[in-house]
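Visitor: Here the protein sequences line up with chains D, X, H and R, keeping their order.
Each step along the first sequence adds one to the number in my numbering, with nothing skipped, and position 169 is 169.
Each step along the second sequence adds one to the number in my numbering, with nothing skipped, and position 130 is 130.
Each step along the third sequence adds one to the number in my numbering, with nothing skipped, and position 146 is 146.
Each step along the fourth sequence adds one to the number in my numbering, with nothing skipped, and position 152 is 152.
Do not rely on the hints blindly, as some may be mistaken.
Listed below are the simulated EDC-like cross-link pairs for lysine to aspartate or glutamate, each with C-alpha atoms no more than 16 Å apart in a straight line [unchecked claim]: (1) D:34 / D:60; (2) X:2 / H:78; (3) H:2 / X:78; (4) D:34 / D:160; (5) R:2 / D:78; (6) D:2 / R:78.
Listed below are several chain X residues computed to face chain R (Cβ distance under 10 Å; list not exhaustive) [to be verified]: (7) 12; (8) 16; (9) 21; (10) 68; (11) 87.
Which chain D residues stay away from chain X? Per the calculated CB distances, all over 10 Å, these [as the list claims (entries may be wrong)]: (12) 11; (13) 14; (14) 18; (15) 21; (16) 30; (17) 73; (18) 86; (19) 107; (20) 168.
Simulated from the structure, these hints should not be mistaken for lab results.
Small disclaimer: the values here were computed from a predicted structure and weren't measured.
Glycine included, every Cβ here is placed at the ideal spot set by N, Cα and C.
Protein chains: 4
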Amino acid sequence: MKIAVIGYSGNVNETPVKQLEEICEELGHKIAIKKHILINGGTDGIMELVSRSARNAGGEVIGIVAGLESGNKHLSFEFKTGMDSSMRSVLMMYNVDAIISVGGKAGTGLELFSAYLMGIPIVLLRGTGGWTDRIAGVLIEGKYLDERKLVEIKNSWNVDDAIELAENSKRR
Amino acid sequence: MKIAVIGYSGNVNETPVKQLEEICEELGHKIAIKKHILINGGTDGIMELVSRSARNAGGEVIGIVAGLESGNKHLSFEFKTGMDSSMRSVLMMYNVDAIISVGGKAGTGLELFSAYLMGIPIVLLRGTGGWTDRIAGVLIEGKYLDERKLVEIKNSWNVDDAIELAENSKRR
Amino acid sequence: MKIAVIGYSGNVNETPVKQLEEICEELGHKIAIKKHILINGGTDGIMELVSRSARNAGGEVIGIVAGLESGNKHLSFEFKTGMDSSMRSVLMMYNVDAIISVGGKAGTGLELFSAYLMGIPIVLLRGTGGWTDRIAGVLIEGKYLDERKLVEIKNSWNVDDAIELAENSKRR
Amino acid sequence: MKIAVIGYSGNVNETPVKQLEEICEELGHKIAIKKHILINGGTDGIMELVSRSARNAGGEVIGIVAGLESGNKHLSFEFKTGMDSSMRSVLMMYNVDAIISVGGKAGTGLELFSAYLMGIPIVLLRGTGGWTDRIAGVLIEGKYLDERKLVEIKNSWNVDDAIELAENSKRR
Numbered sequence: 001m002k003i004a005v006i007g008y009s010g011n012v013n014e015t016p017v018k019q020l021e022e023i024c025e026e027l028g029h030k031i032a033i034k035k036h037i038l039i040n041g042g043t044d045g046i047m048e049l050v051s052r053s054a055r056n057a058g059g060e061v062i063g064i065v066a067g068l069e070s071g072n073k074h075l076s077f078e079f080k081t082g083m084d085s086s087m088r089s090v091l092m093m094y095n096v097d098a099i100i101s102v103g104g105k106a107g108t109g110l111e112l113f114s115a116y117l118m119g120i121p122i123v124l125l126r127g128t129g130g131w132t133d134r135i136a137g138v139l140i141e142g143k144y145l146d147e148r149k150l151v152e153i154k155n156s157w158n159v160d161d162a163i164e165l166a167e168n169s170k171r172r
Numbered sequence: 001m002k003i004a005v006i007g008y009s010g011n012v013n014e015t016p017v018k019q020l021e022e023i024c025e026e027l028g029h030k031i032a033i034k035k036h037i038l039i040n041g042g043t044d045g046i047m048e049l050v051s052r053s054a055r056n057a058g059g060e061v062i063g064i065v066a067g068l069e070s071g072n073k074h075l076s077f078e079f080k081t082g083m084d085s086s087m088r089s090v091l092m093m094y095n096v097d098a099i100i101s102v103g104g105k106a107g108t109g110l111e112l113f114s115a116y117l118m119g120i121p122i123v124l125l126r127g128t129g130g131w132t133d134r135i136a137g138v139l140i141e142g143k144y145l146d147e148r149k150l151v152e153i154k155n156s157w158n159v160d161d162a163i164e165l166a167e168n169s170k171r172r
Numbered sequence: 001m002k003i004a005v006i007g008y009s010g011n012v013n014e015t016p017v018k019q020l021e022e023i024c025e026e027l028g029h030k031i032a033i034k035k036h037i038l039i040n041g042g043t044d045g046i047m048e049l050v051s052r053s054a055r056n057a058g059g060e061v062i063g064i065v066a067g068l069e070s071g072n073k074h075l076s077f078e079f080k081t082g083m084d085s086s087m088r089s090v091l092m093m094y095n096v097d098a099i100i101s102v103g104g105k106a107g108t109g110l111e112l113f114s115a116y117l118m119g120i121p122i123v124l125l126r127g128t129g130g131w132t133d134r135i136a137g138v139l140i141e142g143k144y145l146d147e148r149k150l151v152e153i154k155n156s157w158n159v160d161d162a163i164e165l166a167e168n169s170k171r172r
Numbered sequence: 001m002k003i004a005v006i007g008y009s010g011n012v013n014e015t016p017v018k019q020l021e022e023i024c025e026e027l028g029h030k031i032a033i034k035k036h037i038l039i040n041g042g043t044d045g046i047m048e049l050v051s052r053s054a055r056n057a058g059g060e061v062i063g064i065v066a067g068l069e070s071g072n073k074h075l076s077f078e079f080k081t082g083m084d085s086s087m088r089s090v091l092m093m094y095n096v097d098a099i100i101s102v103g104g105k106a107g108t109g110l111e112l113f114s115a116y117l118m119g120i121p122i123v124l125l126r127g128t129g130g131w132t133d134r135i136a137g138v139l140i141e142g143k144y145l146d147e148r149k150l151v152e153i154k155n156s157w158n159v160d161d162a163i164e165l166a167e168n169s170k171r172r
């Protein structure tokens with residue numbers, strides 16, 4: 001499966017990314033050893049941490065980067081989009097089977113809506129803050145981003161559950 | 001100014017669009033007589049109602065449509081993007097000075113995040129339901145989509161205030 | 001009709017644009033007085049000259065500009081694409097009924113292929129140099145860019161003929 | 001290096017692709033054993049033949065496909081763009097170090113212009129027909145697509161020379 005991990009960008013040595021390092025290590029490692037392809041935006045923050053551990057575990061990591069700059073050094077393949085971050089995020093969704101969300105600022109919020117609109121299953125890794133936790137509080141019936149119920153958004157409270165929910169989800 | 005009105009798509013004779021007809025009529029009319037250019041996605045729902053009244057008042061209406069199909073008949077110029085709705089919404093934001101949000105499903109949610117990320121002022125026309133009201137409940141300090149405070153999101157409770165807030169806002 | 005004029009970019013006071021000023025003046029003027037909408041890339045060179053004369057004649061001019069910068073001052077509406085010039089050119093073709101080509105460097109060459117692939121009729125204003133004349137020498141059966149014969153490319157030797165051929169052409 | 005091979009689409013068992021099978025086999029094989037990453041549009045024709053032989057030789061093949069459909073079965077990674085063929089071709093160029101061109105219809109023509117405009121070195125595998133040979137006849141000084149001389153277009157007459165020229169070329 002192609003599993004995207006979305007979440008906070010930013011310096012990996014600073015709050016709030018720093019606090020999520022252990023979770024990201026575990027997430028990247030387990031995605032890799034289960035032979036899933038990790039997809040992400042290819043730059044810093046959560047993306048960097050998860051990419052690094054996935055690569056260290058021998059996994060494949062595809063970075064779909066905004067603009068024409070290079071992504072981080074933990075990518076097995078980097079795809080430059082020449083687009084701004086938001087448009088790149090939409091493009092990324094064409095290439096993903098499921099999403100795991102970890103914390104996240106407004107860019108992550110946009111990605112949650114973008115994935116939902118394309119019917120891509122979303123797993124929230126709860127307790128990681130940002131829009132991952134914030135969106136959980138305003139879902140319709142605790143599961144949907146609107147009345148059309150395009151695809152289910154699921155809650156997980158640890159990495160194993162997050163990956164299992166992603167694996168068992170079905171793209172619409 | 002180029003003011004985008006975003007909100008519910010769908011049949012104009014059915015819930016929830018039908019209930020917002022009067023508000024949309026007033027909104028389109030007043031945007032037009034104040035000589036603003038109305039920008040929207042160019043299809044049905046809120047977009048159709050606002051476009052119709054803006055045109056009836058002699059205003060200019062630009063529809064930025066997804067795909068290659070024609071938009072509704074109330075557009076003074078239609079721009080076909082060949083893209084899916086989400087990517088089209090991001091593209092629309094490059095061409096907007098402020099946004100007024102009326103109700104809205106997940107596509108509207110994506111547009112709110114997309115506008116915020118580009119620093120485009122957002123005015124919520126409260127009481128219209130959907131993501132326009134839902135997002136108001138989860139803003140940081142009641143105004144922002146994340147800690148970066150990229151641009152302020154404002155609440156209005158009637159059409160006059162919405163337009164005035166849009167006019168007085170400043171793109172970042 | 002929406003008629004795009006493509007051709008040389010560059011300073012309007014320098015070769016080779018300068019030499020085509022009169023032709024561009026006539027072209028913009030006649031497109032405008034025949035109530036066609038002029039579409040172009042919205043920056044300098046041929047685009048600027050044609051836009052200026054179309055606007056002076058009361059015509060509507062839509063500039064579909066690369067990046068997020070403003071286009072020239074002769075546009076009645078400017079659409080920012082945030083994309084590089086090549087991708088912008090492809091996007092422009094979704095919004096055009098026919099094309100008139102005047103001189104042109106490689107960007108114009110790309111636009112000729114892009115239009116052909118979408119089945120948009122192309123009129124070469126011969127004698128204006130660049131790819132407008134160069135492509136004429138390598139057409140298949142003097143009319144097509146490949147064996148599929150997707151749409152006809154026509155030769156004109158003056159502005160009146162160019163506009164008439166564009167008007168009588170049929171998008172595939 | 002990331003080397004793109006562009007050229008005829010179409011059924012691999014029919015003219016003109018069929019006649020180029022041996023050349024494509026050699027090209028894909030040699031790109032793979034020299035550890036270059038093969039990039040292409042991921043569908044049929046030249047793309048399919050070159051992908052197949054590169055994969056058989058253990059190479060990596062990235063297909064950058066138009067639309068949302070799957071590409072051919074010889075891709076090690078497939079990137080769906082959701083875009084039409086022309087826009088996809090422009091996007092592909094952001095991810096390429098050099099191009100080898102084999103035959104080709106108008107889509108290949110567009111790719112030649114697109115690569116040139118981005119300063120990507122182009123090697124024509126002469127004698128393969130289509131725009132690969134046709135463009136050679138109208139180059140400025142036998143090397144350039146316009147007076148700006150953005151990047152050199154080189155002629156090769158066999159696969160070994162084509163790959164060597166691509167390897168020794170320098171992206172602008």
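Visitor: Tell me the hint numbers this structure goes against, listed in increasing order.
Guide: Of the numbered hints, 7, 8, 9, 18, 19 do not hold.
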